[in-house]
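Student: Starting from the known structure of chain U, fit chains P and G onto it as the hints suggest.
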Amino acid sequence: MTTPTSGATVIPVATLRESAGAASKFGNSPAQSSPAVTFPLNRWWVAGFSWELGDTPIARTLLNRPMVLFRSPEGGVAALDDRCCHKDLPLSCGSVEQRGIRCGYHGLLYDKSGTCIEIPGQERIPAKARVNSYPLRERNQILWVWIGNQPGGQPDTDPPEYAFHDDPRFQFGGDRYHYEAPYQLIHDNLLDLSHVGYVHQKTIGGNPTQHMNAPFSVNVVDNIVRVTRPMPNTAPPLTYTSVWPFKGLVDRWQEVEFHVSHLLIWTGATDAGAGNADSPELNGFHIRGFHGVTPETDTTTHYFWTVATNPHPERTDAVKVLVEQTASTFNEDKVVIEAQWRNQHRFPGYAQVDIHIDAGPNRARRIVAALTAND
Amino acid sequence: MTTPTSGATVIPVATLRESAGAASKFGNSPAQSSPAVTFPLNRWWVAGFSWELGDTPIARTLLNRPMVLFRSPEGGVAALDDRCCHKDLPLSCGSVEQRGIRCGYHGLLYDKSGTCIEIPGQERIPAKARVNSYPLRERNQILWVWIGNQPGGQPDTDPPEYAFHDDPRFQFGGDRYHYEAPYQLIHDNLLDLSHVGYVHQKTIGGNPTQHMNAPFSVNVVDNIVRVTRPMPNTAPPLTYTSVWPFKGLVDRWQEVEFHVSHLLIWTGATDAGAGNADSPELNGFHIRGFHGVTPETDTTTHYFWTVATNPHPERTDAVKVLVEQTASTFNEDKVVIEAQWRNQHRFPGYAQVDIHIDAGPNRARRIVAALTAND
Amino acid sequence: MTTPTSGATVIPVATLRESAGAASKFGNSPAQSSPAVTFPLNRWWVAGFSWELGDTPIARTLLNRPMVLFRSPEGGVAALDDRCCHKDLPLSCGSVEQRGIRCGYHGLLYDKSGTCIEIPGQERIPAKARVNSYPLRERNQILWVWIGNQPGGQPDTDPPEYAFHDDPRFQFGGDRYHYEAPYQLIHDNLLDLSHVGYVHQKTIGGNPTQHMNAPFSVNVVDNIVRVTRPMPNTAPPLTYTSVWPFKGLVDRWQEVEFHVSHLLIWTGATDAGAGNADSPELNGFHIRGFHGVTPETDTTTHYFWTVATNPHPERTDAVKVLVEQTASTFNEDKVVIEAQWRNQHRFPGYAQVDIHIDAGPNRARRIVAALTAND
Numbered sequence: 046m047t048t049p050t051s052g053a054t055v056i057p058v059a060t061l062r063e064s065a066g067a068a069s070k071f072g073n074s075p076a077q078s079s080p081a082v083t084f085p086l087n088r089w090w091v092a093g094f095s096w097e098l099g100d101t102p103i104a105r106t107l108l109n110r111p112m113v114l115f116r117s118p119e120g121g122v123a124a125l126d127d128r129c130c131h132k133d134l135p136l137s138c139g140s141v142e143q144r145g146i147r148c149g150y151h152g153l154l155y156d157k158s159g160t161c162i163e164i165p166g167q168e169r170i171p172a173k174a175r176v177n178s179y180p181l182r183e184r185n186q187i188l189w190v191w192i193g194n195q196p197g198g199q200p201d202t203d204p205p206e207y208a209f210h211d212d213p214r215f216q217f218g219g220d221r222y223h224y225e226a227p228y229q230l231i232h233d234n235l236l237d238l239s240h241v242g243y244v245h246q247k248t249i250g251g252n253p254t255q256h257m258n259a260p261f262s263v264n265v266v267d268n269i270v271r272v273t274r275p276m277p278n279t280a281p282p283l284t285y286t287s288v289w290p291f292k293g294l295v296d297r298w299q300e301v302e303f304h305v306s307h308l309l310i311w312t313g314a315t316d317a318g319a320g321n322a323d324s325p326e327l328n329g330f331h332i333r334g335f336h337g338v339t340p341e342t343d344t345t346t347h348y349f350w351t352v353a354t355n356p357h358p359e360r361t362d363a364v365k366v367l368v369e370q371t372a373s374t375f376n377e378d379k380v381v382i383e384a385q386w387r388n389q390h391r392f393p394g395y396a397q398v399d400i401h402i403d404a405g406p407n408r409a410r411r412i413v414a415a416l417t418a419n420d
Numbered sequence: 046m047t048t049p050t051s052g053a054t055v056i057p058v059a060t061l062r063e064s065a066g067a068a069s070k071f072g073n074s075p076a077q078s079s080p081a082v083t084f085p086l087n088r089w090w091v092a093g094f095s096w097e098l099g100d101t102p103i104a105r106t107l108l109n110r111p112m113v114l115f116r117s118p119e120g121g122v123a124a125l126d127d128r129c130c131h132k133d134l135p136l137s138c139g140s141v142e143q144r145g146i147r148c149g150y151h152g153l154l155y156d157k158s159g160t161c162i163e164i165p166g167q168e169r170i171p172a173k174a175r176v177n178s179y180p181l182r183e184r185n186q187i188l189w190v191w192i193g194n195q196p197g198g199q200p201d202t203d204p205p206e207y208a209f210h211d212d213p214r215f216q217f218g219g220d221r222y223h224y225e226a227p228y229q230l231i232h233d234n235l236l237d238l239s240h241v242g243y244v245h246q247k248t249i250g251g252n253p254t255q256h257m258n259a260p261f262s263v264n265v266v267d268n269i270v271r272v273t274r275p276m277p278n279t280a281p282p283l284t285y286t287s288v289w290p291f292k293g294l295v296d297r298w299q300e301v302e303f304h305v306s307h308l309l310i311w312t313g314a315t316d317a318g319a320g321n322a323d324s325p326e327l328n329g330f331h332i333r334g335f336h337g338v339t340p341e342t343d344t345t346t347h348y349f350w351t352v353a354t355n356p357h358p359e360r361t362d363a364v365k366v367l368v369e370q371t372a373s374t375f376n377e378d379k380v381v382i383e384a385q386w387r388n389q390h391r392f393p394g395y396a397q398v399d400i401h402i403d404a405g406p407n408r409a410r411r412i413v414a415a416l417t418a419n420d
Numbered sequence: 046m047t048t049p050t051s052g053a054t055v056i057p058v059a060t061l062r063e064s065a066g067a068a069s070k071f072g073n074s075p076a077q078s079s080p081a082v083t084f085p086l087n088r089w090w091v092a093g094f095s096w097e098l099g100d101t102p103i104a105r106t107l108l109n110r111p112m113v114l115f116r117s118p119e120g121g122v123a124a125l126d127d128r129c130c131h132k133d134l135p136l137s138c139g140s141v142e143q144r145g146i147r148c149g150y151h152g153l154l155y156d157k158s159g160t161c162i163e164i165p166g167q168e169r170i171p172a173k174a175r176v177n178s179y180p181l182r183e184r185n186q187i188l189w190v191w192i193g194n195q196p197g198g199q200p201d202t203d204p205p206e207y208a209f210h211d212d213p214r215f216q217f218g219g220d221r222y223h224y225e226a227p228y229q230l231i232h233d234n235l236l237d238l239s240h241v242g243y244v245h246q247k248t249i250g251g252n253p254t255q256h257m258n259a260p261f262s263v264n265v266v267d268n269i270v271r272v273t274r275p276m277p278n279t280a281p282p283l284t285y286t287s288v289w290p291f292k293g294l295v296d297r298w299q300e301v302e303f304h305v306s307h308l309l310i311w312t313g314a315t316d317a318g319a320g321n322a323d324s325p326e327l328n329g330f331h332i333r334g335f336h337g338v339t340p341e342t343d344t345t346t347h348y349f350w351t352v353a354t355n356p357h358p359e360r361t362d363a364v365k366v367l368v369e370q371t372a373s374t375f376n377e378d379k380v381v382i383e384a385q386w387r388n389q390h391r392f393p394g395y396a397q398v399d400i401h402i403d404a405g406p407n408r409a410r411r412i413v414a415a416l417t418a419n420d
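Chains as they are written, first to last, in this note's numbering: chain U, 46 to 420; chain P, 46 to 420; chain G, 46 to 420.
Heads up, some of the hints might be wrong.
Since the list gives no way to pick one copy over another, a pair counts as held whenever it fits inside one copy or between any two copies.
[To be verified] Heads up, simulated DSS-like pairs for lysine-lysine below, C-alpha to C-alpha not over 30 Å straight-line: (1) Lys157 x Lys379; (2) Lys379 x Lys173; (3) Lys365 x Lys379; (4) Lys365 x Lys173; (5) Lys157 x Lys173; (6) Lys292 x Lys365; (7) Lys292 x Lys157; (8) Lys173 x Lys292.
Think of the hints as simulated: they come from the structure by calculation, not from any bench. Please read these numbers as outputs of a predicted model, since none were measured by experiment.
Pulled out of the complex, with its shape left as it was, chain U reads as follows (with noise of 0.2 Å):
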């Protein structure tokens, strides 16, 4: 684990680890074959957290492409394709050195563009030994990707910023689920906040009712889709009376925003009354959680979330409590949304009904939809 250099602290959940698995289920490739788009990949995909890559290479599957992750001792991440040109060895068994990756079989070294630089007990070097590199950047301890949708295409921006992972005013901690349901149910999930009541109601939830009765709205602007809800003078839920301490009722306020690669939610809330609805970042409660939804392949998805928070003076172990609480919270949905999944398997073909809190989530299939049919 690397130790965050910027203003906010960090408090990983757990030890992250890839789930050894996952990956040998996939099979295509973008190199030498041209698979089928299904997802939008002329865009950043969250690949991990800086803290999960230390001197340890880490094999993990993104949008289709088995890869190997690791940091550079010089300085700087790569991404790879997981396996040696040699004999297939995914590189991910191998190790980090000054100047890149070495094979643990035969002991072929790539740098971090994906060349191969020293065959051992061999002079020359083929211009065939290489493997695919990916743009991997990092920014705000977030590991980014790009996949493109040409082979060896560079990114024309940078990684999205999210500077909540650098504000010393607030701490957060994080963790890496992974989803055996396509990423796209995660995304309905996290867009409609009216499951709360029945999924959460333990943590989160509360009163069933209130939640799905909650008045919301839905904007959409430039591939961005945005779910707000305002719940005034309502009772704080259990989660939230543990690290702040409310007077009674509460206003309290939800706001989803969906970024295709990932998702801002901004929820909190403020002594009822007491606070400036239109702008309640002044006072109050305040939860910021990063959410990025990353398809491993076509039916599985990594899920890699923070939850940051300002702590009130007198709960210094807020955000200990808010990511364990958290923690349990996604664990609810995971188990949900899996079991969904598993159930459209054995259901296959049968349609489903629409309802009032499906708005949301039907918007941010429409842009998904639009952008890989473009890509």
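Tutor: Positioned in the frame of chain U, the structure of chains P and G alone reads:
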């Protein structure tokens, strides 16, 4: 578990649990596609036992239909497609209420007919908001389900009676076993009494040669196959002597009746010469076995069994001993049948060589083939 | 386990068990269909070691044929199709008797030729009541099986001799490993001595660069590939010094012989300058390795290995140490080879780049391809 309300005393062997993974292997469904008919559908099949269905819904795939079974607090039992029509979550992940079953994702409520009667936060309920239901009946502590060969078809008969579960002279117990094998391999096994000597040598078996040489008769009347075998003047097996004080050799009998969806097996013994061979119910030790053999999928099976006995006054633990030994015996069969099925995959298309004891099983297979073709 | 009867002392590493699930993955069979030939069949392949085959039959799939191996109390060993011709139960679920093997379901008895010689309860034995048998021979404590390229074809040679298992100057031990990888990946590994420095750095490896730079020669005569590599005046690895009292640097040699169905690997060392490079058997430390590499299926492999050594008088535990360290070393190879195979699925159709050390493996692959085409 529900306490049995009628005459016989039920002694359940174990908490019956659904094998979590089994149902997800299955794909087809009756409502929106026409699967190949691989079972005779126009009849009652066993869906479970009454004591399995308490406050919590049960997920159970029956004849390729993934169903949720639940008991309504208002009375009555119901079987629905195990899928909310909104976002596909299994209804078995939800909870039972006074008026029906509520989905655990967004709270849609369904009544026993599969009609959605509440969508939280929304006034209008679309006409399409409903799921398939299946007739489910409870009789003699057995749950019977009807699929029918037409969507929405209704049964034209009552489910079979099975009086021994409600006969005060008998005590019984049983269990549900899950088989990784198609259901007809279990028919073969139950209709062939000669394997007892090899597979069950340590429990109900006794001398193998005696079993293989015992004469038996096969009769077929109205799609019922009856295999009977008297074994007069033979040594009683261990199971028998452990629950009944026989004086020495016994007149033993075995009678198997195949009823397509279930089999009835009547075995027992009297002291040799003491009884009337034509009416052995007058005295001695009796076992009345109920065997519901219900396909889960084309290649997996639910096996619902009970054994009832008339306990000897001096052997108050007779039914406990009998149920435990039966459970062991049926596990011996399960090992053999699952190994047989796996091996049929390793030797696909190899012809079987029939022997004398196949007469009963082969008659049953012909009946199933004819009924399935007619469906 | 059978006690070895001849000169050398055998020290088995572990109770050798068949991996239960492996065989069930497999489908085709020789008797009633013509599978594509993917291995050269007209030769002896290793089926096991003598000490594996005691009173209990062994289920083992060899070259895509699911077989039961058993040792007759009358003497001799036999290999049959692992399937009773009546109801398909594996014969390996049955028991060995004086006259053959008896099925555990209805008691059919088969002799060593696969002919059914008893059907309990029935006089007549149909002519079709038989299963395929395969020539199985025992020589130097190795069990060899012959499939042949014609159904029922008989071998035209004796199985290979392997005298070190019966040489009183040597002691040996070994094991059977199961690989989730096709057999030729193990050939590649054994014929390439340079991976030793990377994969086995902690055991038999030593300095990686030294291994990659050591000159080697490759010779091919009559479908035998021989790779030899002298390593004069080098530091002995840990395994060597732990079992032989070398004075300092050593003259070390490695000689690998590929015989299609098995490989012989002769390695060892003398004190530097002490020996005659042309006849190193005169003194020093010797390891004679036997490596039976038998396809289980197209994609899985049985790896039967022994190591024999001439123990130094002062190191009475030499063979024990050697076998333990060899077991560890071969497990290191297994990890690499299985990872390599899984990765070939993740990157299908990617071309490999050859390097200098591939000369030996590539010659072996050409021989296998030619032999398979001729079969």
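Student: Hint numbers the structure violates, sorted upward?
Tutor: Structure breaks hints 4, 7 and 8.
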